[in-house]
Structures are given as C-alpha cells and as structure tokens.
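Colleague: These protein sequence lines are chains A and B, in that order. The opening residue of the first sequence carries number 1 in UniProt numbering; numbering runs sequentially from there. The opening residue of the second sequence carries number 1 in UniProt numbering; numbering runs sequentially from there.
Keep in mind that the hints were calculated from the coordinates and are not lab data. Certain hints may be false.
As the list claims (entries may be wrong) - Computed footprint of chain A on chain B; a stretch qualifies when at least three of its residues, placed anywhere within it, have a C-beta under 8 Å from a C-beta of chain A:
{"id": "1", "segment": "91–105"}
{"id": "2", "segment": "110–118"}
{"id": "3", "segment": "266–274"}
{"id": "4", "segment": "289–301"}
All of these numbers come straight from a predicted model, not from anything done at the bench. Glycine residues also receive a C-beta, built at the ideal position from the N, C-alpha and C atoms.
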Amino acid sequence: MGINFKQETFRDDFSFRNSPEQVRRFPFPFHEDGYMYSVNIEPHVPGAKNTVFEHLFDVDEHYVSEMHDRALVLAEDPLRCQSLPHMTLAGWDTLELLMTEKAKSYPEHFSLTRDGDKWHWVNRPLGIDDRFTFGDTSTLPYDPLEYITRQSQGDFAVLDQRDGNLWMDAGIVTTQADWSLDFDIGMNFFEWHAPVPLAHEMGVFKRALKFLMALQQGQPARRHNWTMTINPRLDTSPENYHKWGTDRTTVTPENVGDKVHLRVEIQMFFRLPRSNALLFPIRCYLIKMDELVTSPKWARRFHRVLRDLPPELAEYKGLVRYRPTVVEWLSKYDDGAPTSPGFGPD
Amino acid sequence: MRAGSNRIDVTVTDVVVVNELVKRFHFERTHGGILPTFSGGAHVVVEMRDEGKTRLNPYSLMSSPLDTRDYTISVRRDDAGRGGSLFMHREVKPGQRMVISNPVNLFSLDLRAKKHLMIAGGIGITPFMAQTAQLAGRGGNFELHYACRNDALATYADVLTARYDRRIHLYRDDHGEKLDLEKLLSTQPLGTYLYVCGPAGMIKWVRATAAEAGWPDETVHFEHFAAPQPGKPFDVRLAVSEVDIRVGEHESLLEAIEAAGLNPPYLCRGGVCGQCETNVISYDGKFLHNDHWLSEEDHRSGCKIMPCVSRFEGKSLTLER
Ligand code: HEM
Ligand code: FES
Numbered sequence: 001m002g003i004n005f006k007q008e009t010f011r012d013d014f015s016f017r018n019s020p021e022q023v024r025r026f027p028f029p030f031h032e033d034g035y036m037y038s039v040n041i042e043p044h045v046p047g048a049k050n051t052v053f054e055h056l057f058d059v060d061e062h063y064v065s066e067m068h069d070r071a072l073v074l075a076e077d078p079l080r081c082q083s084l085p086h087m088t089l090a091g092w093d094t095l096e097l098l099m100t101e102k103a104k105s106y107p108e109h110f111s112l113t114r115d116g117d118k119w120h121w122v123n124r125p126l127g128i129d130d131r132f133t134f135g136d137t138s139t140l141p142y143d144p145l146e147y148i149t150r151q152s153q154g155d156f157a158v159l160d161q162r163d164g165n166l167w168m169d170a171g172i173v174t175t176q177a178d179w180s181l182d183f184d185i186g187m188n189f190f191e192w193h194a195p196v197p198l199a200h201e202m203g204v205f206k207r208a209l210k211f212l213m214a215l216q217q218g219q220p221a222r223r224h225n226w227t228m229t230i231n232p233r234l235d236t237s238p239e240n241y242h243k244w245g246t247d248r249t250t251v252t253p254e255n256v257g258d259k260v261h262l263r264v265e266i267q268m269f270f271r272l273p274r275s276n277a278l279l280f281p282i283r284c285y286l287i288k289m290d291e292l293v294t295s296p297k298w299a300r301r302f303h304r305v306l307r308d309l310p311p312e313l314a315e316y317k318g319l320v321r322y323r324p325t326v327v328e329w330l331s332k333y334d335d336g337a338p339t340s341p342g343f344g345p346d
Numbered sequence: 001m002r003a004g005s006n007r008i009d010v011t012v013t014d015v016v017v018v019n020e021l022v023k024r025f026h027f028e029r030t031h032g033g034i035l036p037t038f039s040g041g042a043h044v045v046v047e048m049r050d051e052g053k054t055r056l057n058p059y060s061l062m063s064s065p066l067d068t069r070d071y072t073i074s075v076r077r078d079d080a081g082r083g084g085s086l087f088m089h090r091e092v093k094p095g096q097r098m099v100i101s102n103p104v105n106l107f108s109l110d111l112r113a114k115k116h117l118m119i120a121g122g123i124g125i126t127p128f129m130a131q132t133a134q135l136a137g138r139g140g141n142f143e144l145h146y147a148c149r150n151d152a153l154a155t156y157a158d159v160l161t162a163r164y165d166r167r168i169h170l171y172r173d174d175h176g177e178k179l180d181l182e183k184l185l186s187t188q189p190l191g192t193y194l195y196v197c198g199p200a201g202m203i204k205w206v207r208a209t210a211a212e213a214g215w216p217d218e219t220v221h222f223e224h225f226a227a228p229q230p231g232k233p234f235d236v237r238l239a240v241s242e243v244d245i246r247v248g249e250h251e252s253l254l255e256a257i258e259a260a261g262l263n264p265p266y267l268c269r270g271g272v273c274g275q276c277e278t279n280v281i282s283y284d285g286k287f288l289h290n291d292h293w294l295s296e297e298d299h300r301s302g303c304k305i306m307p308c309v310s311r312f313e314g315k316s317l318t319l320e321r
C-alpha cells in the first residue's frame, strides 16, 4: 500500500492540510511543559511504525506538492541551491544516501538499480526515470546535490569539515525559518549561529560542534527545533520577507485555528563517506492550531510552553506580535490538568 | 549522545609479512557484503581480546576507498609498547574473527586543494596509501615524499612507485638521502595543501618549517596518534559513578575506566580527537600529559586530562566520570 500524495499549495490560496493520520504522526517536539535550548541530540535510528521516524528519510502525503513548491522557488531564485566547487563529491555522497534509503524504505515509489557506476533511478510519484553514470555530473540534468534534493522533502546543508570547524559550503534551502543560504554560504558553525540568543553563553554550540566533528558514518544523529509560521508557507526566507512578514499582523482570535501553525524541524546529521563532509537535512513539518488541539495533551502543553517561553526566544523566533492572541486562544484548551511526560499524545 | 552500533564483525582473510617489522591484515565482513565506503585518511579501531583484557587500537585504513570488498591495515611491531601490535603480530591469523569500528576520518583531504603535497615517515605511509588511491581515481594532483631507514624498511615504496612513478620521492637514511624541505615548500604552486604523517619529530619539523615559510595553518594537515605509554600503576576515584579503580602498568586510564564497566566516549584513542576529555575534580600529584588535544594552559591548570593517552603519578586523583 503506497502513500496517498495530496495536491495542495503552500502559497496564494494555502490549501495545505494534514489528514487525520498525518496529524497523529506529527513530531510534537515538547517532552515537558516548558522549553529552553539544550544540546538535544540523539541517535537517528529507525523508530516505531506510523511515526515520522519509521524510516531514515520520511516521505509523507505532502511530498509531491512540496517538491512542486521547491521548483517554483528555484525558478524564481536559483541562488537557493549552491555548491562550492570542492563540494561536488559530497553531492554524490548525498545522492547515494538519499537514493539508497528511499528505495529501501519505499520500494513501491522509488527504485534504484546499480551496475557498477551505471545507475538507474525511478521516482514514480514525480514521474522520473533516469539512467546516469555515478560520479559523472554531465550525465545528470543538474549537479548531483540539486538533482536529488529536488526530489527530497526538507532543506539540506552540506558542511565541509576542516580546521577544527564545519563550513557551510553547499546546500539547498527553500523551506526555511528565516535564514538564507546565500548569506551563510562559506561561513563556519559559530558564524552562521551568531544571531541565536543565549545558546552561545550556555556553551551549547561548543559542545554541539565537538559532537558533530566526531560523528561517524553509519551512526546518524538528529535533533529538533521549532518555531511558528502564519499561513502554511514553506518558504519563509529573508529573500522573500516582503511576501510573508506582514502575515504576522493578520492573526485575530477568530483565525488562529486555521492560520497559525506550529513548525517543527527534524534536523539530522549524517557523515558522508567519500568526502568526509557532514550532511544536515532539515525536514519541516507544519500543523495548524485546529489540528494540534485534536490532541488534548498537545493543546495543554503547547499552551504552557508558549505562555512561559523566555522573551529572548520569542523575539528571536519572531512570535512577539501574535503570541498573546495565540496563548489566549490555546488557554481554552488547557484545563490545568497535569500532562504525562514524553512526546506522544495521552 | 552516542549513536547506534559502531561495531563491524569481520574475518581476517589474509596476513602478509611486508618486511621484518610490518605485517598487513586483510578483513572482510564475516556475514558477507561490502564494508562501508570511507575517505582516504580514515582509521578504524580494532578490538583485541588478549587473555581477558580488551585492547582497542586505531589503525589507518590503507586499502583503496574505491574498493570496499575488504579493508586492509598495516601494523608495525613495537617491542617496547603495551602489546597491541605484538598481539596483532603474534596472535592474529587468517580465518580469525574480529571486531572493528566504523571508519572515522581525522586526517581527511582538503578537497579545495589544487595540489596535495604529502610527507610520510616510516609507518606513517599508511593513510597516504588510501589517499593516493582516492586522488588517482579522480585525476587529483598529488606528490608524495617518503622518508625511511633503508630499502628493507621502505614499506610499500615499491607498490607506490609502480603505481605512481615519478610522483613518489623516496629518501633512505642509509643512502644519506635527505629531503630538502625548505626548497620543496618554496617551489609549490599556489593552492597547495601539505599533509604529514610520521614520527612526532618529523611532524614538528614539517610544521615548523612550513610556518616559517609562511604557510597558513589551515593548509598544513598532520596526523599523529600518540600510542598510550606504559607507566607506573596509579589509583583513581571516579566521582560520578562512585567507583575506585587502579590503572595497571600496561593499561591506559581509558581502558581502566572501561574495565570498570563504564562507557566513556572516544574516537581516536590517540590523544587527538578530543572526545575522551575528562574534568579533574581534585588531585595530589603530577600529570603525565601525552595528548595533542589540550592546550598547554589546560595541561598546566590541572583541570583536565585525556584518559586515552595520559597518566598520573602521585597520591590521589578524582575525576568527573
Ligand atoms: C551542522 C549543522 C547545523 C546547521 C547547518 C545549523 C544551521 C542553523 C541556522 C542556519 C540557524 C539560523 C540562524 C539564524 O538566525 O540565521 C540555526 C539556528 C539554531 N541552531 Fe543550528 N545548525 C546546525 C546544528 C545545530 C546544533 C547541533 C545545535 C544544538 C545542539 C543547533 C542549535 C541551534 C539553535 C538553538 C538555533 C536557534 C533556533 C531557534 O530558536 O529557532 N544547531 N542553525
Ligand atoms: S579518544 Fe581521542 S583524544 Fe582521547
């Protein structure tokens, strides 16, 4: 049985919705009734069935529409995908990882046949059937990183590892929470994290970098991050701020349920074998407040997290303007009952 | 924060005597299939079960990254060492099953380089075996300068010369051949990156000469795994786990911590990766720091120790573990 891919939009009329099954598998990010930054890294091992962690790379009902949205962004702004010349090998590593995992996890939708360096890739949902020579960029319509990430949900940063640091030397970024690849390209771990409040002082980044530098192949790790987005828009980029920035002023008590979305990023870390680079996929999941409150525990807990969020974090995440309205709306779903520990619904 | 399984079951498929000091070991997956792809410069940690003791030693992979049906390592016998290399030389036979780690690369090629200039001393040749194979497969530009004692101990010089011909330059001590490093460094094209692997003295010399010639730090790469040294036994209190341990003469502090049932992080076991860094809570005595990770200031402060290679002499030592 395959996935039922939906046709929907992440712009203009915003027809994006989650099916009830998709709501149930939403990666709710709060294990307790509060939130603060931490070095929240754990092994990225396949998880339970019907969760987003069932496979290393989750493909869901939004796949086809998200890939269409990515193509629209790239057509308008090619700089959303960049790769410095020394990163081509890492691009091939990425292509291999994504193709082999997709074909293994979803054989009904993807297949890969390898005969030495002669590869045959079939992506049925997107209607792609290509033969190419692994390692020879001239046999693909795009460079390897762009080719495979036009077929993979989520953003991807590819970090070169050298001089005791990680360098953002390649990536594709079209579904981001207000940061820009074109701005960050060539920066190191501390430079691109410079705008983040509090975490530097807490030593989060120093410890995280040490862990990432030592990450081994075959032992991927993950963490999550979250923010909020008004309207189910994937491309909340600095480049297009003029298109979405004003959405934040449109939240009213009447439209919170439909307009306000919790945005969760599952960020993964993979060591790439040939290039020794680090692959950082950032997979974005959106859920409307109306959908979120179908789980009483999630509603109670998110109300408490948002209400008690440190002001620096609210400021950085851009929630200041509409936070009171959303907290007020959520309070109707919080009777003060205790919540159970852990991520799952009660 | 440690991730899933890191261990690979392998079978020794061949043991080859390379010369009077060096043996080469070939490993294949015990249950069939290819081994993980790796990049030139990577090492694996080999587990050795030696009369109730487990030793974990890192060795550079020297086989071609383009062919992972098997992995090969070369081990130089160190008669004065703690026994890891002696175990490999004496006990490991074809057909034997062993456990190795996934490959880790702490000495990777900088792919921005227009040219890779490699300098090897002795058994330090092994990571370059894999790196040259990787570069040659992609038409990469490299040149290797290799210093050794004599022809008999010029491990793999014949193989390398047959493969790469004039890109290999050999310097034999007993022939009075000497690498003119200043000249070599001064005649390199822009965009050259330097790599050195060999004895500590050689690494120091190459780094100092390059610095003097104005090479920026980030263009000079070196790999120097310190071998854990034997030493006098000492006692340690592990405060977090509330256990007291004794570190034996031929055992590293890290091994003693592991033998007590703890699972502390590590990667290189050679004092370079930083993973095993441990805070000192209190001490009365003297540290014998052997790592390349902590700063001199850290060493002087008495606040930190790298248990994979460093030791202690004195009355008492309490660690945050
Ligand atoms: C190497 C992989 C990583 C990449 C490429 C990356 C990239 C980024 C970027 C581009 C931002 C946005 C900064 C801005 O405002 O412009 C960010 C934010 C952040 N990053 Fe990372 N990051 C990585 C790993 C990590 C790790 C391992 C941690 C911590 C354990 C971390 C913690 C954070 C935090 C706390 C924020 C602020 C997020 C928020 O409040 O919304 N990052 N990261
Ligand atoms: S394990 Fe690498 S420094 Fe100790």
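Colleague: Now tell me, hint by hint, if it's right for this structure.
Modeller: For each hint, the structure was consulted:
1. 91–105: holds (count 5)
2. 110–118: Holds, because 3 residues of the segment 110–118 of chain B bring their Cβ atoms closer than 8 Å to Cβ atoms of chain A.
3. 266–274: holds (count 3)
4. 289–301: violated (count 0)
Of the numbered hints listed earlier, the single one contradicted by the structure is hint 4.
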